[in-house]
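Colleague: Taken in order, these protein sequences are the chains called W and X.
Take the first sequence: its position 395, counting from 1, is numbered 395 in the numbering used here, and each next residue is one higher.
Take the second sequence: its position 223, counting from 1, is numbered 223 in the numbering used here, and each next residue is one higher.
In case anyone wonders, no lab produced these hints; they're calculated from the structure.
Glycine residues also receive a C-beta, built at the ideal position from the N, C-alpha and C atoms.
Hints may contain errors.
[What the hints assert, rightly or not] Quick partial rundown of chain W residues pointing at chain X, CB under 8 angstroms, derived from the structure:
(1) 389
(2) 391
(3) 405
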Amino acid sequence: MEAAKEQKSVYLREFEAMPATGETWLDDLRRRAMADFERQGFPHRRIEAWKNANLASLAQQHFPPAAPGADIDGYLRKLTESVPDALRMVFVDGHFSARHSDLTDLPEGLRMVSLAEAFEAGDVTTDAHFGRHADTGEHPFAALSTAFARDGALIELAPGTIVERPVVLHYFTSEGGAGMASYPRLLVHAGTGSEVRLVEHHAGVADEPYLTCPVSEIVVDDNAGVRLQHLQESGNGAWHLGVVHVELGRDARFGMHAFSGGARFGRTDVYVNLNGSGAQASLNGLYMVSSGQFADYHTWVRHRTDHGSSEQYFKGVLDGKAESVFDGLIHVAKGAQQTDSQQQNRNLLLSPRATAHSNPRLEIYADDVKCGHGSTVGELDADALFYLRSRGLGEREARRLLIFAFANETLDSMTAPELRDHVEARLANWLDDDRAGGSG
Amino acid sequence: MAMLEIRNLHVSVGGEEILKGIDLAVDVGEVHAIMGPNGSGKSTLAKVLAGHDGYEVTQGEVLYEGEDLLELEPEERARKGVFLGFQYPVEIPGVANTYFLKAAVNAIRKHRGEGEIDAMEFLKHIREKMKLVKMDDALLKRPVNEGFSGGEKKRNEVFQMAVLEPKFAILDETDSGLDIDALRTVAEGVNVMRTPERGFLLITHYQRLLNYIQPDRVHVLLDGRVVKSGDKTLAEELEKSGYALFEDNAA
Chain W
1 MEAAKEQKSV
11 YLREFEAMPA
21 TGETWLDDLR
31 RRAMADFERQ
41 GFPHRRIEAW
51 KNANLASLAQ
61 QHFPPAAPGA
71 DIDGYLRKLT
81 ESVPDALRMV
91 FVDGHFSARH
101 SDLTDLPEGL
111 RMVSLAEAFE
121 AGDVTTDAHF
131 GRHADTGEHP
141 FAALSTAFAR
151 DGALIELAPG
161 TIVERPVVLH
171 YFTSEGGAGM
181 ASYPRLLVHA
191 GTGSEVRLVE
201 HHAGVADEPY
211 LTCPVSEIVV
221 DDNAGVRLQH
231 LQESGNGAWH
241 LGVVHVELGR
251 DARFGMHAFS
261 GGARFGRTDV
271 YVNLNGSGAQ
281 ASLNGLYMVS
291 SGQFADYHTW
301 VRHRTDHGSS
311 EQYFKGVLDG
321 KAESVFDGLI
331 HVAKGAQQTD
341 SQQQNRNLLL
351 SPRATAHSNP
361 RLEIYADDVK
371 CGHGSTVGEL
381 DADALFYLRS
391 RGLGEREARR
401 LLIFAFANET
411 LDSMTAPELR
421 DHVEARLANW
431 LDDDRAGGSG
Chain X
1 MAMLEIRNLH
11 VSVGGEEILK
21 GIDLAVDVGE
31 VHAIMGPNGS
41 GKSTLAKVLA
51 GHDGYEVTQG
61 EVLYEGEDLL
71 ELEPEERARK
81 GVFLGFQYPV
91 EIPGVANTYF
101 LKAAVNAIRK
111 HRGEGEIDAM
121 EFLKHIREKM
131 KLVKMDDALL
141 KRPVNEGFSG
151 GEKKRNEVFQ
161 MAVLEPKFAI
171 LDETDSGLDI
181 DALRTVAEGV
191 NVMRTPERGF
201 LLITHYQRLL
211 NYIQPDRVHV
221 LLDGRVVKSG
231 DKTLAEELEK
241 SGYALFEDNA
251 A
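Put together the whole structure using the sequences plus the hints.
Modeller: This is how it looks when you write it as structure tokens:
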């Protein structure tokens with residue numbers, strides 16, 4: 001704990017050295033968030049939500065905020081080709097890069113600006129929503145992010161606005177971002193009856209450790225719909241500790257598909273509050289974890305009122321000495337009658353050294369509800385393997401086919417189907433990396 | 001020359017001997033039926049021939065076209081033309097039937113030094129075989145056996161056999177649990193494929209199958225041993241008197 005305390009003071013000193021904005025609400029918010037982080041520090045294993053997380057070496061290294069202006073032109077083409085014809089904002093090391101972004105022909109009713117610009121202009125939406133939802137009191141990395149975030153994306157949909165083109169947010173860590181921290185933010189406010197499809201893409205080239213704490217706050221007003229494709233493809237050395245926080249109004253809809261293949265430590269905490277009657281949430285995902293990697297999805301789905309529905313379906317494939325966590329809460333408040341909530345987590349272990357923690361949590365205080373959950377951790381089905389081989393498929397090919405089939409099923413629910421090829425190719429490459437072979 | 005020759009085969013599972021010295025030879029172009037009650041070792045024999053690794057061969061040998069079959073991996077056996085129709089076909093979620101079949105066809109073609117099958121040619125080939133087993137088109141696109149009824153699964157086995165055109169097919173209780181229409185379809189699948197170049201080993205629990213497929217030889221398996229072999233009249237004899245007649249021989 002000594003080391004952690006020392007680290008806290010480094011971040012605090014750094015925070016205190018940053019200039020105030022003069023915007024009282026923002027300066028107050030940041031100070032409170034910093035105090036929240038100071039109080040909590042880097043979480044240790046005695047805290048229930050962090051019991052499987054080994055953050056010792058994160059706490060030992062100091063990651064100062066990354067500077068703007070890194071050059072990523074060489075990678076840009078690959079990033080943008082993945083979703084053509086998108087409205088696009090690119091962030092490099094946490095900073096908005098206008099020249100890499102494409103905000104031409106914004107449809108009427110859609111506003112997309114950088115948060116730095118919005119803070120500068122004293123924007124009212126940011127005042128009302130920025131940092132108001134992600135819980136800095138309970139989540140140390142949400143606190144660190146709110147204290148340090150200086151930029152991000154603000155996306156605002158006027159009531160009734162239907163955005164047909166996908167909105168893509170690339171958060172890119174450059175080579176220069178190694179050893180540094182970035183705190184990219186996303187704030188979405190979807191007005192009543194509006195609809196938008198988002199891609200939140202995290203990628204990095206640095207193999208050395210870096211820290212990124214992306215926090216997304218998504219406010220979906222009555223009868224509006226937001227779909228989010230979340231891609232965690234952070235660099236091999238990354239500490240990726242993110243939060244996605246969603247507030248849903250009456251009949252509001254949120255659909256998320258998450259894919260996680262990067263980072264040495266990749267964790268995304270998803271909070272969804274179903275505040276209005278008939279709200280719907282769907283969270284799906286796939287994590288692919290290799291030796292030395294740790295992948296973690298924590299979800300908190302809170303049904304606060306009646307007739308809400310939610311489904312969660314996460315799958316993981318683990319190889320070598322890999323570790324993963326799925327920890328999913330379904331909370332149904334007293335009075336949230338007629339709730340329909342389902343949760344499934346399935347893990348496939350390709351190696352005896354891999355560990356998958358699967359922890360469904362149900363807290364149900366209403367009596368007229370339909371809730372179900374299931375959780376499995378297993379190896380490849382030996383009967384299926386024999387069946388395939390008995391038809392002539394080689395052992396390697398049979399294993400590969402079964403692993404691919406297991407993982408690929410979750411891609412049916414991708415909210416950005418144009419990225420399916422990208423994810424399938426990643427999966428195929430991963431399998432080519434000799435994971436399908438032998439008895440390993 | 002015998003296509004398949006089993007000599008003094010002893011097989012154990014978890015230290016318990018299930019097959020206690022089987023001798024059996026199937027000549028090319030012949031159809032043999034093995035009948036026996038529950039626990040006689042029928043399915044063990046089928047799985048050992050297909051290469052399942054849950055069984056330990058403690059004695060004896062199996063020659064397939066003169067080659068030591070037991071030395072081969074399951075996929076090598078399949079590529080050399082051995083087919084097992086499973087008693088309980090396995091469901092494989094996420095793998096479409098057509099994809100699976102194409103992978104199997106190509107694995108066999110590759111073994112023969114042929115290139116991958118042309119997409120149109122493959123489609124034509126499977127459509128033709130589907131007609132033979134009266135299989136519904138929709139089942140092709142569905143994941144292998146997933147959500148199939150018992151009858152559909154068995155039809156799918158015969159369909160796979162028809163598509164893969166093995167030299168030697170072992171059908172493990174493919175007739176069990178089928179209604180008469182499905183049974184006739186399965187039997188027709190076998191009868192159509194019955195050629196002078198191909199051998200069959202039909203493992204069955206019920207004599208009824210043999211009303212539709214005329215075997216060249218019938219073997220009675222009891223307690224891990226072939227206690228009697230004969231022509232098709234042996235099946236009729238069994239139907240009348242039951243296995244009790246042979247139990248003395250087994251003891």
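Colleague: Look at each hint and say if it fits the structure.
Modeller: Here is what the structure says about each hint:
1. 389: Residue 389 of chain W check passes; min Cβ-Cβ to chain X is 4 angstroms, inside 8 angstroms.
2. 391: holds, 4 angstroms
3. 405: holds, 3 angstroms
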